[in-house]
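Colleague: Based on the hints, put chains U, Y, B, X and Z in the right spot on chain V.
Residue numbers (this note's numbering), protein chains in the order written: chain V, 541 to 780; chain U, 541 to 780; chain Y, 541 to 780; chain B, 541 to 780; chain X, 541 to 780; chain Z, 541 to 780.
Keep in mind the hints are simulated off the structure, nothing from the lab. Any given hint might turn out to be false.
Since copy identity is lost for identical chains, a pair holds within one copy or between any two.
What the hints assert, rightly or not - Cut-off 25 angstroms, straight-line C-alpha distance, at most; resulting in silico cross-link-like pairs (PhoX-like, lysine-lysine):
1) K735 x K764
2) K765 x K735
3) K580 x K542
Number of protein chains: 6
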Amino acid sequence: MKIIIANPNSSTQCTDAIMASAAGSNTAPDTELIALTNPKGTPAIDCTFSDYQSAWSLHRAVLDAVEEHRPDAVVIAGFGNLGVFGLKEALSIPTLGMSETAMAVASTLGHRFTVLTTLLQYVPAMEDLVTLYGMQTKCASVRAIDLCVTDCVGQREQTLDLLEQEAMNILEQDGAEVIILGSGGLSGYSEDLEKRIGMTVLDPVRVTVKFAEMLVEAGISHSKKRKFAAPPQPLDQYMD
Amino acid sequence: MKIIIANPNSSTQCTDAIMASAAGSNTAPDTELIALTNPKGTPAIDCTFSDYQSAWSLHRAVLDAVEEHRPDAVVIAGFGNLGVFGLKEALSIPTLGMSETAMAVASTLGHRFTVLTTLLQYVPAMEDLVTLYGMQTKCASVRAIDLCVTDCVGQREQTLDLLEQEAMNILEQDGAEVIILGSGGLSGYSEDLEKRIGMTVLDPVRVTVKFAEMLVEAGISHSKKRKFAAPPQPLDQYMD
Amino acid sequence: MKIIIANPNSSTQCTDAIMASAAGSNTAPDTELIALTNPKGTPAIDCTFSDYQSAWSLHRAVLDAVEEHRPDAVVIAGFGNLGVFGLKEALSIPTLGMSETAMAVASTLGHRFTVLTTLLQYVPAMEDLVTLYGMQTKCASVRAIDLCVTDCVGQREQTLDLLEQEAMNILEQDGAEVIILGSGGLSGYSEDLEKRIGMTVLDPVRVTVKFAEMLVEAGISHSKKRKFAAPPQPLDQYMD
Amino acid sequence: MKIIIANPNSSTQCTDAIMASAAGSNTAPDTELIALTNPKGTPAIDCTFSDYQSAWSLHRAVLDAVEEHRPDAVVIAGFGNLGVFGLKEALSIPTLGMSETAMAVASTLGHRFTVLTTLLQYVPAMEDLVTLYGMQTKCASVRAIDLCVTDCVGQREQTLDLLEQEAMNILEQDGAEVIILGSGGLSGYSEDLEKRIGMTVLDPVRVTVKFAEMLVEAGISHSKKRKFAAPPQPLDQYMD
Amino acid sequence: MKIIIANPNSSTQCTDAIMASAAGSNTAPDTELIALTNPKGTPAIDCTFSDYQSAWSLHRAVLDAVEEHRPDAVVIAGFGNLGVFGLKEALSIPTLGMSETAMAVASTLGHRFTVLTTLLQYVPAMEDLVTLYGMQTKCASVRAIDLCVTDCVGQREQTLDLLEQEAMNILEQDGAEVIILGSGGLSGYSEDLEKRIGMTVLDPVRVTVKFAEMLVEAGISHSKKRKFAAPPQPLDQYMD
Amino acid sequence: MKIIIANPNSSTQCTDAIMASAAGSNTAPDTELIALTNPKGTPAIDCTFSDYQSAWSLHRAVLDAVEEHRPDAVVIAGFGNLGVFGLKEALSIPTLGMSETAMAVASTLGHRFTVLTTLLQYVPAMEDLVTLYGMQTKCASVRAIDLCVTDCVGQREQTLDLLEQEAMNILEQDGAEVIILGSGGLSGYSEDLEKRIGMTVLDPVRVTVKFAEMLVEAGISHSKKRKFAAPPQPLDQYMD
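Pulled out of the complex, with its shape left as it was, chain V reads as follows (with noise of 0.2 angstroms):
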């Protein structure tokens, strides 16, 4: 089994980051992960204008490596919208978006989660897409540590102790007892986090990538009809 694992921005920093979690999720054997960065996509996503400068180009990034690589499965490894919905429109096979994924198997896993990302100012987007994959009721809230990426990746103990911080707070106040990790930048935090806290701790690449070769093995993909048809044109017209 193939599956392309797909990095909206252009770091490729960011692409290996996003393959040491995808690595860490125990596939089988024979499911080979292959990385895919958007050169054209902006360095970092962090507001809706830049998700908007990158999916375009992602997009299109991502139809020609399935041509190329004729994958099983597609997973977008970003933690926003980046107009999966669009991409499932385009491809028949499973389709991911990290934020719709971890949020499906987050809603088994507790009376409610919790979204923690990293910009404060991030927060109401994250809310919309809560609300754009009908999770209002499973979602007790979103918070941020109101740390930038970078800071993230590189601080490492100060950015534990703000999630275990935020993470308290999760539990006391909003009632949530299962976190997910909604940043790339929070990757690799999710085990060191649960082992300090003792709540469920969600990777999104991680659960996305089983996830994505969950319904492979099981013949599943998305419905074709309305919502994710096919769009009207031919798909080249959209890209000149």
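Modeller: Just chains U, Y, B, X and Z, lined up with the frame of chain V:
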């Protein structure tokens, strides 16, 4: 990996049908599926009264089997409430009800899903399940073909025709693109129905077994904080 | 008029406390209250696991008592799920759970109510009840004093202080003006608490007994169409 | 016990019909029902404009009657908004609107209820009431037979046929099992309709009178904190 | 263009304050704003009881003024319910309540808005308005500085300090970025508050006057089908 | 005042139709409307895939035009998502999407509105917009005449007949009284449709242009706190 598949009712014929569905779920070669029938359960579970008359002994049978087999996960293969939340309190390995799991997966496959079940009078209880799992905005409707389980099992052509007819209503009137077959009595119909209508149709046994396998491989289980924390007293104090 | 008051657990001490509350409900002189203990129930019901381990035998005990006493109504005097919907299927006389009834009455007494219970870990299950009864917009919060039932019964002054403290939080932080004492262990506290804080405080046993009496006098019972229709099979087929 | 039953409009014929319904509510022998007509109200209340043109004088008439009769409770016997929340501010004895009370009771009698009213153009206002009382998830629909009140009162057979027809739609299309007759003009139809269709049908006058009696006997009234706190100024400053 | 600006209470001082706000709304040179005081209204509207005691005479005063002035639109300049839906039935020109209009505009200006009002006890009624206008998901909270209207008008510095303090809570705790000043008593504070906190602050009088002008220029009014259809009887039959 | 009206697709014919609608919006004499076509956009936007393929270059074209023309407001004249939230981050002048604005205005004009669009397969994406703008309770339905944009533009009589037919369904089955024409392809139909059916019909271009003018005159813009705060990095870092 070992997964217990527990049929909540007392019918071994039903257990066989469940295991046939499970066998089609394409698990890994080293995944062992252990069938469990609930001898003190009711012959069929077709109302809330029988749900409760069966769940208590199901829980005990599962706990005994967990002690005996030391499995990695438990799947409750009945499309109802069945006190799965209570069993999640008692266990820390992944413990999955097939109604909740199928809805979580379906939530990612289309705009909205419909639960299609057998008896019309059971629809409100299914709607309560949708609410309990927080899936109201993802669920377009709960519908029934209003055929009893015996006829569903015995009258294949008639059942398939009724399913197809309701599937058309679901697509055109309710605006759902994904169907969950919400009854053990509808095991074995998903593939034929999918072929007839071109929509994604989920067999909840299959998808739940695969989901359980995924969680085990990914090292994820339900949170033991709050909702699924261990009962305040030792378990045997609740079971004389 | 005869009303069965069924204690879902096996503690006769608890049955006595319930009947003491019921005695204060100021029923008509000719209303006879028949106490029922559930001998096969768990000693206490403090989690979903025990809810299911108790409900099945509760249902059977109630059905036997109905045959023996021919009552006009049945009150399930436990603040939980307890499969009351299943019992409503089995019976056509008014059959009332005290959690649902207290919430329905509270909905008319203020902008929003709060359920105040004993153990913190039981809060999510109470929130599920609120959802199940469709009372989300009327319920401001579910809170707990986090004291076990034994202490609630034994440590009156401490319990009252904790209740008062939470009541202040409820009024100031949650914006609710009505409190439902959501546990049998809090029987007998409503009047003292109401005096201390000046808010309306409901003892669910009292209000449910009166509600049952009202329905009988008004000739009203639950609808036997759809949700509470009789089970498809004769009752004894579900109880060997 | 004394209960004031206030007809919000100026029609004494309507007051008589209300009192006839109330008489059938099987109150205790010592419960005295005091009829009140609102002489400055509109002849009928069939739109929001007339709701407001009637409510102000209704409130004044009720306050005068309370001073004169010293009742134990007040029932506003009109199926509308009628500013009952304002009257609850002004009074501390149980003060009940029949739309809110009937919905609270109906919430316990089935999966969902339907409000069945007279004029089609009044449906949105009824839907607003459902929302105002927080009963959205318990209310399957608001429907109308689209017959004016005069015809409802005068054309019994036609009215009953229309009600039966809509009741079938309610059961089959909307999935509700309980009907609330949402208009004074439909007083006296509940029993015949219930016989024809086998569903629970509530006459809101009857159920509200009994509910008021229950609250008085149980010593319960609406909370005087926040929403129904006394107006900031003495009452007569609001009434010149 | 002529727009009637109706103050629902009887205070001409309040009418002056409203017209001062309206004057700052930068309407077109040929837009004439006609002030209307409700002489039979209560001196202030600070509870639901006074809302109803004022609305009936407000409606009559407005209808008289419409006949006299033949305006193009009517603005009800009180932040409450005030039966505006009833007045929309009676009129076919644009008829706007300032609470509904301000919320509609605010819905486009940020993720969520907060209504900030004067008295704490009036908060639940404001929350009911939010629900009535279908703005629950756009409204983060309703808050109060708990100062009576007289003090708001007289103690400018204290009021501004309290508003600023609550605005900080709104931004940090409730996650709203837009504030609606929900009381006539807070007229004239929007600009100073906006300067202090850097958030968008709406003066509902100003925004509603501009909105009314916009509708007239665009040739748009409320639909006269269903909800705002003319009352079934001629208007004067409702007003003796 | 200068307002940029940006057509998100690359069709100048479509830009002309938008400007024709805008011209009918009766703006002030000194309001200058500046047309902008998105040359790198797709020829039509009829699915989520094309929404994303067009939005990125639309944003860049708008930012360039803002620098060149220094307008007072920007209107995005496409009925979709189009990343308008991202553009609001980038700009501090009023920036309006016509789907969000039309819904906000429609929310005040009736009990509920319906979005009536062209293609059936685009309905789920429109439903997502309704959710994103928090308008679920104000929106009765999203419906489609299932005619492609080309036919809508070319076949006037057929289109008008289909619109009228759906409008009848909307009024009778969905209970909405206001229609929003949810597609650029339906520009120019609002007046004729309104005449035929007597309901309020909104042309989103017209209403949004007027709304933008209103905000500018009133000195109001979206809040720059949180959701629409400027992106964390300088804008050109997101656009190579």
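Colleague: Next step is simple, just say for each hint if it's right about the structure.
Modeller: Each hint tested on the structure:
1. For a Cα distance limit of 25 angstroms, the shortest separation of K735 from K764 across copies, 13 angstroms, qualifies, whereas the shortest one inside one copy, 41 angstroms, does not.
2. With identical chains, the CA atoms of K765 and K735 are at most 25 angstroms apart between copies only, with a shortest distance of 13 angstroms across copies and 43 angstroms within one.
3. In the homo-oligomer, the alpha carbons of K580 and K542 lie at most 25 angstroms apart inside one protomer (24 angstroms), although the nearest pairing across protomers, at 33 angstroms, exceeds that limit.
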